[in-house]
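Here the protein sequences come in this chain order: A and B. The numbering of the first sequence is the working numbering, which starts it at 651 and goes up by one. The numbering of the second sequence is the working numbering, which starts it at 138 and goes up by one.
None of these hints come from the bench; they were simulated from the model. Please read all numbers here as calculations on a predicted model, not as lab measurements. Treat the hints loosely; a few may be bogus.
Unchecked claim - In silico lysine-lysine, DSBU-like type, Cα no more than 35 Å apart, as pairs: (1) B:K155 with A:K951; (2) B:K194 with A:K741; (3) A:K953 with B:K242; (4) B:K144 with A:K953; (5) B:K190 with A:K951; (6) B:K242 with A:K947; (7) A:K953 with B:K297; (8) A:K698 with B:K190; (9) B:K155 with B:K263; (10) A:K741 with A:K833; (11) B:K194 with A:K796; (12) B:K194 with A:K947; (13) A:K1019 with B:K297; (14) A:K1019 with B:K213; (15) A:K698 with B:K144; (16) A:K965 with B:K155; (17) A:K1015 with B:K297; (18) A:K696 with B:K242; (19) B:K190 with A:K886; (20) B:K144 with A:K1015; (21) B:K297 with A:K741.
Take a look at the letters that make up each chain.
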Amino acid sequence: MKTKNIGIVKTEYFTFAEHPNELKLSSGKKLGPITLAYETYGSLNKDKTNVILVAHALSGDAHAAGMHEGDKDPGWWDAMIGPGKALDTEKYFVICANVIGGCKGSTGPSSINPKTNKPYGLEFPIITIEDIVKTQARLIDYLGIKTLLCVIGGSMGGMQVLQWVATFPERVRCAIPIATAAKHSPQQIAFDEVGRQAVMADPAWNNGDYYGKPETPERGLAVARMIGHITYMSDKSMEEKFSRKLKEKDYTFSFTADFEVEGYLRYRGDNFVKRFDANSYLYITKAMDYIDLSGDKLLPKGKHADIRFLVIAFKSDWLYPSYQAQDIVRQLKIRGLEATYCEIRSTYGHDAFLLEIDEETRLIKHFLKRHEV
Amino acid sequence: MDRLDYKIISNLIEPNSKVLDLGCGDGELMLLLTKERKVRAQGIELDDSEIYKCVEKGLSVFHGDIDSGLLEYPDKSFDYVILNQTMQQAKKADFVIQEALRVGKRLIVGFPNFAYFKARISLFFKGKTPITKSLPYYWYDTPNLHFLTISDFKDYCKKKNIRILRSSYTGHKKSVRFWPNLFALNAIFLMER
């Protein structure tokens, strides 16, 4: 089937939880007003039953597909969303919202705190994946949608998928968690903590109070991102991409980036700081570390759920190894829920969920076909 | 494609039951059972290329190895568990059968008969490992790990206190009734404990 691109799209904004109706967070603290940046693709059918919510990963945003006016690159999952694609916008109404705590239009630590009229910084409350999902539910309410045909996402997006199932089982018809886990393992927490320490060790971080100052914690955030990128690739994909290739003809016998892999990591790190807020990095990684929907917590006893699952893992993903996906499926089977599980053969590591488009499309497209809309 | 074994298995299954197909391959059997017997079917399959085919048919399938057990399935959670042309390829055949009998109320097993007369001729007169319609592989390139006869399997069931409720034997294109251990290419048993 031929696929097409969506074309020009625009981010929209929805603000709620104004004083005195602030949102109560998992921590007990309150947050408000809250703005969510979101995009939609395709059109809502009459019964509002064709809605797919796409949840983004750590560094993602609401711009999942299509092009912004004047941009060179499309949204982060453009290969999956559009006419004839896995999430076919001729059939489905696709929504993607930036998470709270983020820095791409939704309320986060870089937003203005109405109490002080200055950016929140560390005054911003700690958030959880559950808080993120609750704000998404408010957006769905606002759009007049009762149930989601599907919630889908990779990595941290997958955690949001599972959280939707745990918090609003009656509002989800099918769920597609990809390259994710029901709980962060000590290894995953450890990598996040090293990233946070890198940010906080940067003197310019200044306890989170750096907005509007000439120095921002760019070095710290870049290092955090470099570590992240190592965990997103596999030994094999790094070998294939870089091997021991040098940037110049010979060793420089200095600490400049001799190897291509060094240059790549520096480039990725430097690029990231231009588009991402260091405090957001702290808040969002912490939200991931707090998730624990293992055992009964995914589907609390007594709560009825009639949800079909497609759980996807990738063979070379060592950051979210397939046993974690199998643990999710095990819980579903124990509860008698219908679940399909596939471990896609890929060498890309964790990044595979953004790259193995053909395989994911084959699975997702057919999985969704069971639901006529 | 019309497969005799699929038809036989379909006839063994009560309508509207819950079925687990171990080593479900491309899901053809599950699809047939879903259509003809209105069963709710789930499969387990090791080969990833087959997983895609199952998903394309709208079937529910788990990508995994039955040799590691069926831990996530509670006791007697299926009306039928199917091991069609799978058991002889499992590393721990006994364990897999016991697990299948734990999670299923009834078990359907289908396997190739090593005592088929052409296999006997091949071994006895030619001194060669049999290659037959139901055992079509060379020794160096076969997925089969266990070679058993109908008689072997009946002995096994007796030893393990498994009751055989129905048995069907098939030849090249039709059922075999006379002297199955000699004339059947494949056997299909419906069993329970």
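To see whether the hints hold, each was checked on the structure:
no., hint, in the structure
1, B:K155 with A:K951, "23 Å, holds"
2, B:K194 with A:K741, "20 Å, holds"
3, A:K953 with B:K242, "27 Å, holds"
4, B:K144 with A:K953, "39 Å, violated"
5, B:K190 with A:K951, "34 Å, holds"
6, B:K242 with A:K947, "29 Å, holds"
7, A:K953 with B:K297, "40 Å, violated"
8, A:K698 with B:K190, "31 Å, holds"
9, B:K155 with B:K263, "46 Å, violated"
10, A:K741 with A:K833, "33 Å, holds"
11, B:K194 with A:K796, "29 Å, holds"
12, B:K194 with A:K947, "31 Å, holds"
13, A:K1019 with B:K297, "44 Å, violated"
14, A:K1019 with B:K213, "31 Å, holds"
15, A:K698 with B:K144, "42 Å, violated"
16, A:K965 with B:K155, "31 Å, holds"
17, A:K1015 with B:K297, "45 Å, violated"
18, A:K696 with B:K242, "45 Å, violated"
19, B:K190 with A:K886, "28 Å, holds"
20, B:K144 with A:K1015, "30 Å, holds"
21, B:K297 with A:K741, "54 Å, violated"
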